[in-house]
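A.B. asks: Given chain A, put chain B in place with the hints provided.
Number of protein chains: 2
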Amino acid sequence: MAIPPETFFLPANLQGSLQQRIRQLVAQGIVEGRFRAGEKMPSSRGLATHLGVSRITVTLAYAELVASDYLTSRGRSGYFVSSSAPLQPEFEPRPQAAADQVDYAIRTGARFSGTEMLKRPPDWASFRFPFIYGQADASLFDHQNWRQCALRALGKRDFEALTSDYYDRDDPLLIEYILRNILPRRGIEASSGQVLLTMGAQNALWLAGQVLTGPGVRTVLENPSYPSLRGILAQTGGVVDWVDVDSDGLPPEALPKDVDVVFTTASHHCPTNATMPMARRRALLDAASAQDFVIVEDDYEFEMSFLKAVSPALKSLDREGRVIYVGSFSKSIFPGLRLGYIVAPEGLIREARALRALTLRHPPGHIQRTAAYFLSLGHYDALVNRMKQAFKRRRLAMAEAIEAAGLCVAGQGGVGGSSFWMAAPEGVDTEILARDLHQEGVLIEPGRVFFDPANAPRNYYRLAYSTIPVGRIAEGIERIGVAIARAV
Amino acid sequence: MAIPPETFFLPANLQGSLQQRIRQLVAQGIVEGRFRAGEKMPSSRGLATHLGVSRITVTLAYAELVASDYLTSRGRSGYFVSSSAPLQPEFEPRPQAAADQVDYAIRTGARFSGTEMLKRPPDWASFRFPFIYGQADASLFDHQNWRQCALRALGKRDFEALTSDYYDRDDPLLIEYILRNILPRRGIEASSGQVLLTMGAQNALWLAGQVLTGPGVRTVLENPSYPSLRGILAQTGGVVDWVDVDSDGLPPEALPKDVDVVFTTASHHCPTNATMPMARRRALLDAASAQDFVIVEDDYEFEMSFLKAVSPALKSLDREGRVIYVGSFSKSIFPGLRLGYIVAPEGLIREARALRALTLRHPPGHIQRTAAYFLSLGHYDALVNRMKQAFKRRRLAMAEAIEAAGLCVAGQGGVGGSSFWMAAPEGVDTEILARDLHQEGVLIEPGRVFFDPANAPRNYYRLAYSTIPVGRIAEGIERIGVAIARAV
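Residue numbers (our numbering), protein chains in the order written: chain A, 2 to 489; chain B, 2 to 489.
With the rest of the complex left out, here is chain A (with noise of 0.2 Å):
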């Protein structure tokens, strides 16, 4: 018997074009069970009738469903459902105890959930003005360029690379062109054995704490630094010092006797924007030799150098191999891609490669294609050169409008960045403030997570100009200025 073309109907919340929704309504049709093997299709005619469609749209849908082998053509008798079409098992789902008998909290000890992270509400784009930091800016992307290396990454001569289990390897052509392209403006230059790429920053600098500390191991934060490194080292079990930094960074002279690992960001300070000297830097290699400690570096963003030159990386000074540096692409291409990387002495990143292709294998291989692509095309330095002009274009904007409203500037780089590091009047509580100020359409991120909870300051806060339009600036830092005043 002919399935009558009154069965079918095309949901508005279906998406795609006409003839995907045809497709994916059959399709869900035959899974589901209400339509079964040998049942005869409704002509394309009487089909494209019903749903008010070209007839051509549901003869395409229908040689593509039975190319997928949902249905089968029998000449001129029509489309029948294939007797191979997938099924849906006949069981019911059994909806989960609402109560569940095991409580998780108690068995898991909730050790993870309880960690502070920046957060950002999920619809920051909708906002007018997002001083927040960190996520790609549309108008900026190299969108048509990105697409064709994704695209070029999808061809068949890449299907290795796009479908393999790697285990533990990273693709050969982005560990290249990091070696000779990337690594080299930094001064840094290394073999492939030492270098591993990871998901992020985050994941670089997890692997980095899980590898070089544990239970006895005592560890240096910056004070304050990023809010996820924290809970990063609360996972290890080690003993963690926060060391408050100045105007030019992490001073060496500071660090306790008997430290092991110390975590800094020393080229461009988070959240402060402090570039460390290089007499400082030299300082704290010697410490290093001398105490017998090593230094994870993390080197964000130092493509977004646009106010003068970026010195070397801390790594291009290290002869000793006590310097384990960490990139990334989140800030430079864009922070839903996941990929950063580790350059470290080869006996460190042997156990970072490990302990990644136990947690993870490795990044997906279509990211890793693309990327090299991108990078190795050249759309990359053009993407970075874009940027930086915006950003340079915003951040003048942004010291007029904080000159303007009185605001009080504590950091902000010199070699540029995407944020300025600010300090309300004592006594203003930073995160009422962000409350306020969202209430307005303006997102500010409050200082308190980056410091050192024993002791942490509630009136800094961060504004960051990498999403905001230049023509919003203005209005949105009167806003603050505002919103601050009230709350003195």
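Check each hint, because a few of them may be wrong.
To be verified - Subject to a maximum C-alpha distance of 30 Å in a straight line, what follows is the list of computed BS3-like cross-link-like pairs (lysine-lysine):
#	chain 1	residue 1	chain 2	residue 2
1	B	393	B	120
2	B	120	A	393
3	A	309	A	393
4	B	41	A	157
5	B	389	A	41
6	B	157	A	389
Read the hints as simulated data drawn from the structure, not as lab findings.
C.D. replies: Positioned in the frame of chain A, the structure of chain B alone reads:
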């Protein structure tokens, strides 16, 4: 002064179209400082003649270079290196010290690199008889539709899904499809707070291991079982007991009394392919309730049930929230995708989600969205169907060849799958056998790594048929038979 065309040559090792290679050539010259700001480029005609390419190719390359700000066009005067083109920094990269002063094997305790994993030669695809497990088969994969879905996920409408830092969140489209279409096939009904996306099953099992176990926690592994589980549990510092499986999988009555967590592959035991009967599943869940333990169910490869209908997952019988379910798209789409999921009570998902955020944040947005389209447009069902039919034919050929060669099957699975678990005669070391066969173009998987290392038999091996063409099976199996006869 104009740069002479003779400065340019097209090295053979550059990839891409002629136009891309010219672009890359120019961009590299600029970044490396060979061509400087303000210098005039050769005319398109001059460069085309020199390189022996058409003039339009050079013109298009130049136009693209203007768009990405490497060059500027001054009308009829021609093209010039842009004054805001990207530049190499001025410092020289320095090679890392040849001999590191830090012994990272001692400092890190080499805790991870000792982990034994299943390894396949990276060039497995060039072998004539690859009886290896778990890679994608180019002859079955639906390349065209995957490409279309990926392309659609690269569209402007999906910019946020592509680029955003999701932090601890997942793509709602993919979650929706898993909840509505994948889990019901396993008899599981769940809500979005009960699902977490992971970087493949490896990452799911690792997260479950980290969240549920730790020092003092007693875990049971099936003997034999998936080798990476051992490494995952070693990292937690808990106690591991091995329990021998029989032809019905894990016997609940053999579990130690004080067990906290049981890892099982109930529906399709890895590597023996045994299916646990319903009565034993109920007994296992009753034991979990009586002894207050939880179960991690790795439901790998359930899609490949082509001999008879698959039975519902253990999770579908779980009335107390004791089962943590792990699924993956590695076998049904491809392993390089790195996409899997955990289904569990919300309290557990909360911890796993926080830990995932800490270690890597989230699987790349583009991967998630592409998979969501591929699934929801019905391509996934069609692909699985095609794979099942091919696997069925291959399995038949395997069974015949194995019988003809007089080899001994130790486990083959009643519902399907993609491998046979084999026993060579006692005394045959299958790791030596594998090395011999490797020379002859035959890849098999030695069984030792699947077992409790304290007492691992050496005569088992696995023969998979997920990537070997049906026409090569007979000859490959015959070679294995000959090699075993030689080894006895």
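A.B. asks: Hints first: check each against the structure and report whether it holds.
C.D. replies: Verification of the hints:
1. 393(B) - 120(B): holds (26 Å)
2. 120(B) - 393(A): Violated. Residue 120(B) to residue 393(A) sits at ~49 Å, over the 30 Å cutoff.
3. 309(A) - 393(A): Between residue 309(A) and residue 393(A) the Cα gap is close to 11 Å, so the pair holds against 30 Å.
4. 41(B) - 157(A): Violated, because 39 Å separates the two Cα atoms, which is more than 30 Å.
5. 389(B) - 41(A): holds (24 Å)
6. 157(B) - 389(A): holds (23 Å)
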